[in-house]
Amino acid sequence: MDAIYQLIHDYCPTMPDWLALALAILLPIAIVMGVFLTVFALLTWVERKALGRIQNRRGPNRVGPVGLFQPIADGLKLLTKEDIVPNAADKVVHFLAPVLVVVPAFMVLAVVPVAKGFIAVDLNIGVLFALAVSTASVLALFMAGWASHNKFSLLGAMRGVAQVVSYEVPMVLAAVVVLMASGSLSSVSIVEAQRGLTGWFVCKPWGLVGFVIFQLCAMAEVARTPFDLPEAESEIVAGYHTEYSGFKFALFQMGEYVAAITMGGITVTMFLGGYLGPGCDLPKFGWLISACWFFAKLGIIVVINIWARGTWPRVRVDQLLGFAWKLLLPLSLVNIVAMAVWHFAPNKLVGWVESAVLLAVAIVALVKINAGQTFEKRSYRFTS
Amino acid sequence: MNELVKQQWLIPFLPLVAAAVQSLLPRKARKLSAGICLTAMGASCVLALRAFVGTLGHHEAERAVWNFVWFDYGTTRLQLGFILDPMTAAMALMVTFVGFWIFVNATGYMSDDENFTRFFCFLSLFAAAMLGLVVANNLLMLFMCWELVGLCSYLLIGFWYFKPSAATAMKKAFITTRIGDVGFFLGILMLSWQAGTLNLYDGGNGALEQAGKLAGLHGWFGWSMATTIAVLLFIGAMGKSAQFPLHVWLPDAMEGPTPVSALIHAATMVAAGVFMVGRMFALFTAGGSAEHPTFAMDMVLWVGCFTALFSATIAVGQFDIKRALAYSTCSQLGFMMMALGAGGLVPGQFHLLTHAFFKALLFLGSGCVIIGTHHEQDMRKMGGLRKYMPITFWCYLIGMLALAGVPPFAGFFSKDEVLLVTFQRSKVAWGLATFAAFLTAFYMTRQMFMVFAGKWRGGHHEPHEVRWNMWLPIAVLSVFAIGLGFFGGKYEHYLGVHEEELHGKSLVMGLSVAVGAAGILLGWLMYGRKTMAHAEEPDPLEVKLGALFTCLNRKWYVDEFYDATIIRATMLLGEFWRVFDNRVIDGILHGIAWTAWGVSQVVRWVGDEFVINGGFDAGCEGVRLTGREFAKLQTGRIQGYLRILCLGAVILLVIWYLK
Amino acid sequence: MSATGIIQTQTLEVSLGPQHPSTHGVFRMDVVLDGEYVVKLKPVMGYLHRNHEQLAEKMTWLGSMPYTDRLDYFCSMTNNWAYALAVEKMTGLKVPERAEYIRVIMAELTRLLNHSCAIGFLLSDCGAWFTPVLYALREREWILDFFETVSGARMMCNYMRFGGVRVDLDDASLAMARNIVARWPAFLDEFEKLMTENEVLLARTQRVGILSRNLAINASVSGPVARASGVEYDIRKVDKYGVYDRFDFGVPVGEAGDTFDRYMIRILEMREAVKILEQALRDIPAGPFIAPEAKLRNFKVPAGDGYGRIEAPKGELGFYLVSEGGAKPYRYHVRPPSFINLTILEDMCLGQKVADTVIILGSVDIVLGEVDR
Amino acid sequence: MAVDPNLKSELQKQGIFVMPVEFLYNWSRKSSLWPIQFGLACCAIEMIAAAAARHDMARFGAEVFRASPRQADLMIVSGTVTKKMAPQVVRLYNQMPEPKYVIAMGACAISGGPFKDGYNVLKGVDRYIPVDIHIPGCPPRPEALLHALMTLQEKISKQHLNEVSWYDKNAPSEFPVPQYGAHDLEPPANPKVWEPPKK
Amino acid sequence: MSVPLGYYLMLGGVLFCIGLCGALTRKNAIAVLMSIEIMFNAAILNFVVFWYYLHNGALTGQMFALFAIAVAAAESAVGLALVISVYRHYRSVDVDEMKALKG
Amino acid sequence: MNIVFLTLSAIMVLGAVLAVTLRNLVHCLLALVVFFLGIAGHFFLLKADFLGAAQILIYIGAVAVLILFAIMLTRNISGTEGGRSSLGGAWWLGVGLASSLAGMMCVFVRRSELVTKLPYGATEEGVVKEIGKLLVTDWVVPLEIMAVLLTAALIGAVVIALEEEKKR
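Residue numbers (my numbering), protein chains in the order written: chain W, 1 to 384; chain D, 1001 to 1659; chain B, 2001 to 2373; chain E, 3001 to 3199; chain F, 4001 to 4103; chain A, 5001 to 5168.
Only chain W is shown next, with the shape it has when bound in the complex (with noise of 0.2 Å):
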């Protein structure tokens, strides 16, 4: 923020000094708002895309190149559309729901490092502020199912709430471990420690469980298949947005798709080295190549984000919090104490095999406990 504010002084030093601050206070907003929003209507794109070739069609390809402008086109169409709000919906209620659907998402843009020195607001809890505002999509959710006055809206809102509120605690477990490792809640901080060859925390042991676990909460977060039951569509027709049609649904899904974003934007700094890479700490393009590096490892989480929702089968409300609670918190329990274990080891190759060993134990431990009881072998006679 200084840096903008010392460079639009250099350049132009007629402005008011107002004008200079809010400038250099809204332009990152505005910058990183932009790019993520392109990033939000690309993902669309490419997320029917890719569902399209795991579905062996060819998906959206009649709006400009290769279908490139359907989320154009989507927008436009969701925008002119009617908006109906039913007669027994809570309207106020209903008018709030979606915009605060939105509005954490992209707050949480916030703390997000794009590139090297790239951040909208570099706060010292910048990964605490992340988990908290998360956390207020929660309402949003509930009031835009409980205003809607439909059952299947309130079915979602209510699984939402239960669903957002279990992952919520193995979440924070799980980046505990981060900062641990780090040492500060600053999200600039927890990049700048994972430098090395082998700095990315997801390269050690304990980072790479919190990372599954951090990605696998990240996912039932913003509802994401395998965990999209609050809009399970083959249970409860579209869940806590049933009743919301025209540009409130647009928002829902913009909240959703960029709660998605910056989850795994969250994700990539506290695991994946954030903006960290080859290439940028050069004095000139090192910006640009380490916004690179950030995209380049956000796709690949948002691929994998894809690629799930065109695999697997939804899981049960039971069978999702029962994960929550008899898998991963214990977990991320054992893993902050792994943590611990590579912190004291007296070298790094003690601290590996000890923490590696340790959650290998838990792991197969917990499968086996949590497995005995879901899965069975099954035999089948034949009779002539």
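Some clues are possibly wrong.
Here are the simulated distance ranges between beta carbons [as the list claims (entries may be wrong)]:
id, chain 1, residue 1, chain 2, residue 2, range
1, D, VAL1017, B, GLU2190, 52 to 62 Å
2, W, PHE382, B, LEU2174, 19 to 29 Å
3, D, VAL1017, W, ILE304, 38 to 48 Å
4, D, ILE1644, A, ARG5111, 25 to 35 Å
5, A, VAL5148, D, ILE1588, 45 to 55 Å
6, D, TYR1161, A, VAL5159, 19 to 29 Å
7, D, ILE1651, A, ARG5111, 42 to 52 Å
8, A, ASP5138, W, PRO346, 23 to 33 Å
9, D, ILE1644, A, LEU5118, 31 to 41 Å
10, E, THR3151, W, ILE304, 34 to 44 Å
11, W, GLY183, D, ILE1644, 48 to 58 Å
12, B, GLU2190, W, GLY199, 36 to 46 Å
35 Å max Cα-Cα, derived DSBU-like pairs, lysine-lysine [as the list claims (entries may be wrong)]:
id, chain 1, residue 1, chain 2, residue 2
13, W, LYS368, B, LYS2193
14, B, LYS2295, B, LYS2058
15, B, LYS2058, E, LYS3169
Hints are computed from structural coordinates only; laboratory data are not their basis. We treat Cβ as the ideally placed atom computed from N, Cα and C, and that holds for glycine.
Once you have looked at the hints, place chains D, B, E, F and A on chain W.
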């Protein structure tokens, strides 16, 4: 050593954690529960051993303390602290070691109890409390642990609370020790008041380090302040260590499971009193000298002496195997107190240690016997167990010989020292104690013969040897019951107390050996030559002593005496107040009412009915209405109360504002 | 008392359908939910009641044949066959051997088609975002191409005739069929890799919607649903109609009777169907494809009644016909497997979660055209 | 506001383009036709087939089948509409937000098809709701559906902002939902969208 | 920031009293609980305010606020559990109806 | 005076007032959330970032959701209080008392010498780290007690809520 003291807290902490974990375990987790407790206790034992080793190298009476502020409010700060000195180290080691083996034994003894985990929870808590008491460098912490010990004993004695006798016993133990605790608490308060601190040692500012100063102040009854406090503290010790007249709870405490008895009687609770007196020894002796001991010392001496003899006589007449042992414990505690009262800190503490080992051995042995004979406790219905339970027999024999003071077992050395130091102080006390020692040898011999000799009198169920987890502890403990006595000389050195050369050593030693031998001989003569043939046969001693034996068997009627005096008096007082309340107070009220009624009758009859009556009616109506209105406040509705609260706040603020 | 047994809550009445993504058409379930648990379920049918039986009674015998196509619109071939079988029984027409072989080929191809789509939809109900359906439909297109080549229509083939089939199979179409059969196992392997090895699917389907053997028998459930519950009942084996006694194939039978078993039974039945098809395509004899005495015009059926049944992909499909000797049936009744199988829906769903009812319904594999007729 | 062609060309000469707005509007609607996930009978299977690998409606941006009518633009009435189902169909149509389109797929949806004689079969869904495209066939092939879709796109791209019904205050926003009367559905048809053929 | 301390204190007081008002007047137990949350928050705000104005350097005020937040969370959990439990008894969450001491 | 302060405070007071006056409980809850957000905003203003985030996380993420579930579990889904008044009998008394208390408080604040007090130089950096350190050093005992309290509250809440089931 200064580093070690900072880890002293771990010693009680581990069993405490174990207890906490136990409380969360499901009932079914028996193995896990036992495993956790044993691990915690074993770890504590290792820590205690380390502390002990740490104190070994030092030849002076060195102590390390570590005090810290618990919390402070205003100018007052409450401190807690830990101490590490030879006495603590030895005691902690004893408690953890003996406790560990008792735990092992308990896994066998309680193996078919459904509340296994609860039992181990309490047991761990008990051990933790006792260890906390041992390592405390602070009377406040000592008192907290002291009360916790009391609570645990309450819980454990009444572990089988569904038995009415156990329920009674648990209450009895709790209330009796509480009586002593009143004194103890008063002593603590006075100490805090006078010394300004409850820390025992604090680099010259501790309470014990101020004993000399306290001895110069005037207390109650013309005693010095130090003596007053010491006497009050000793009352607490009397309750906890079951000294006459507060000894009545101890034998009843046998209602608990046998490992609990072992723990209470050997390692923890009763030892607490003796240990506390030893710990506060500086306060007891302050202001006195060898020639003119303080009143506190005299009190300790004579209470101990009397208890030793008194309990020994009772023990002679008991048929319950555990009860006999319980009175034996009482008696031995008397010995310890006596030694302390005679100024012998080392003999008292040393006897405490050796006694812990062989008494734990005896109790666990009796537990084995009880299990082996299918929960039979009456010695008359035993007999001939030597054949059936050889391991238990041999261990028990060692314990018995140690208690009887037969050389070279541990009891001989410690008891000899006790007698020796008493001999220095008072020939009378020494004589009584020697007689008590004779009785000790006698009743133990009696017990041995009744239980192990002769043939099985218990009926159809043949007794059997117990499993390894029950006999292993007594085997281990018997090793110590043999060998520990040889460290007597070293122990004195270790404690760092240099006592002058005592005279009459050979006389006392010779006499005590002789007395022990005589006791055993008499026992053999009466019980060994011709063993009891069947359970209904009268006791040979009963034949000889007649009514006196009944008297002994009924414990000199102390309980009955208490029933007849104190309890009756309390009941009477209560009854009196009830009657007083009914008759006098109510009478006065009724009288007032009747008078008022009468007056009103007269007034109505005499006076102007309309004027007065009208006014009165209005007044009454007013009162009634007010009452009704106020009754509305008492609605049970929280919001109503909150409103009144708020109203009060507003009124207060207004008043303040106007002021 | 709540089904969850933990916190008592208000129940919620939800109407799933008639327009609902997972009701496979216009079917409605009035579900009473306690939280997520189903405490009451009432199936409401009739949204696709197209008066099939009534129309058939006004139609000539052969005139009803195209209508049978539209009963179970996945399996027009088997529907044709069952109807033809009933009429052949009444008239005593003898079907030539080649025609029987062609019928078996068509029926088993229909089985492949139906089962693959049924499983695909089942998994789509699990929330698998259409991917399995689209895989199934991709393969279905090949079979439909074959049907179209033979009969001229993709779905509503109207292919069977009393006493044989309408058009003969030429070598080119036989090669086409062989091609389909040859590639089917590979498709199945791919499908199983996507699905059977998917932990989420296992977790969703195992021990969900258990149908006991007794209830299955008592409710006269048939087809893969019954066999998944351990009922060894397959009309191909029991009646040995057509030329099924000449083929070597097994009938897979499950134990648990849950949704997973119903899924697996269909997979295994497809593998068996591939075996039958291989044998049939290998052994198909030359000869007439329709009985020479069969006539299409002025077709009359002697007075009396008859019941023809086959093992349709969904279960026992039967036609009960009563004739007065005229050109039209006096009574025309269909015993549709979907409808009968649907009767046990509530028993399977009670106490399950709402998400389960959806896949239980999917695993029963109904087609509303057949349910409502 | 009606902009007549003369005025438009006049404006264009002066550099003001009305066309692109309308073009964008139409373009966005036609390239993003989200059908409601709603199948009635046999034709529904062919509708799914049209979305499947070989035919792939997704190419036109129309594969986003929405389960909720609130989010759909296009209703494909795929199959026989019975009299029990007709109210639901109309209700669903009412629940869809404007602008909305209907494709009547298959003979049954157009006229009752082979089941026309049935007492329970509605003789054409266009009696109650305005149908944009009729596809004949029993059932129509997926290609026919794609053709219908493209025809609809053409139709959309020819619409003019000033003529479309949904900005017309007088145009009905909700169509009456038929109810079961004494003998049949009441009303038997919606006069606003259908008039009986003159005999 | 040039807001004097007094304004914050007044804000805290007013908020507290709004909460109090709710706690005094609402009939619904959940609403009462919500009002109590408002009172809690007003108090927590004051902790932070006093820390910011008076005790800068030491973090006692923040720590206290932190603990108060945690306690409030526990309080609301137990309180709502009680409300649910009470609701089962009375089929109502009206505080006026909860006046009998036994269930 | 600071505009941000005034705006935030106005929003908060509005939220609080709505939270205690609205009839529909769910609306109350939403107003309460606004109030919570305002408090968090004030925390940020007062440079207590960590507390602000914690406030959002705990109050909005947890407490509000908890209340939500309670509302859902205890009444009909719509959350309205039915036809009856949402206020208790002597509501005027409560309002009067509360407002007079508020008035008195303001009067006392005005009278005290704190009223014009301005802040010391604010520390911004490293507060989070400092809090973390303090939590595990000086404040470790309260922290532990808090942990025990939370556990106890959790178990207690579960037990209370499950109580009914046991009786059956």
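Okay, the hints, checked on the actual structure:
1. D/VAL1017 to B/GLU2190: 52 to 62 Å: Roughly 56 Å apart at Cβ, these two residues keep to the hinted range, so it holds.
2. W/PHE382 to B/LEU2174: 19 to 29 Å: holds, 28 Å
3. D/VAL1017 to W/ILE304: 38 to 48 Å: Between D/VAL1017 and W/ILE304, where Cβ atoms are some 43 Å apart, the hint holds.
4. D/ILE1644 to A/ARG5111: 25 to 35 Å: Since the Cβ atoms of D/ILE1644 and A/ARG5111 sit about 26 Å apart, the hinted range of 25 to 35 Å holds.
5. A/VAL5148 to D/ILE1588: 45 to 55 Å: For A/VAL5148 and D/ILE1588 the Cβ distance comes to about 53 Å; the hint holds.
6. D/TYR1161 to A/VAL5159: 19 to 29 Å: Once the Cβ atoms are compared, 24 Å apart, the range 19 to 29 Å for A/VAL5159 and D/TYR1161 holds.
7. D/ILE1651 to A/ARG5111: 42 to 52 Å: Given a distance of about 18 Å, which is not inside 42 to 52 Å, the answer is violated.
8. A/ASP5138 to W/PRO346: 23 to 33 Å: holds, 30 Å
9. D/ILE1644 to A/LEU5118: 31 to 41 Å: Given range 31 to 41 Å: holds, Cβ gap about 39 Å.
10. E/THR3151 to W/ILE304: 34 to 44 Å: holds, 40 Å
11. W/GLY183 to D/ILE1644: 48 to 58 Å: Since the Cβ atoms of W/GLY183 and D/ILE1644 sit about 53 Å apart, the hinted range of 48 to 58 Å holds.
12. B/GLU2190 to W/GLY199: 36 to 46 Å: holds, 41 Å
13. W/LYS368 to B/LYS2193: Measuring from Cα to Cα gives roughly 23 Å; hence the hint holds.
14. B/LYS2295 to B/LYS2058: holds, 20 Å
15. B/LYS2058 to E/LYS3169: violated, 49 Å
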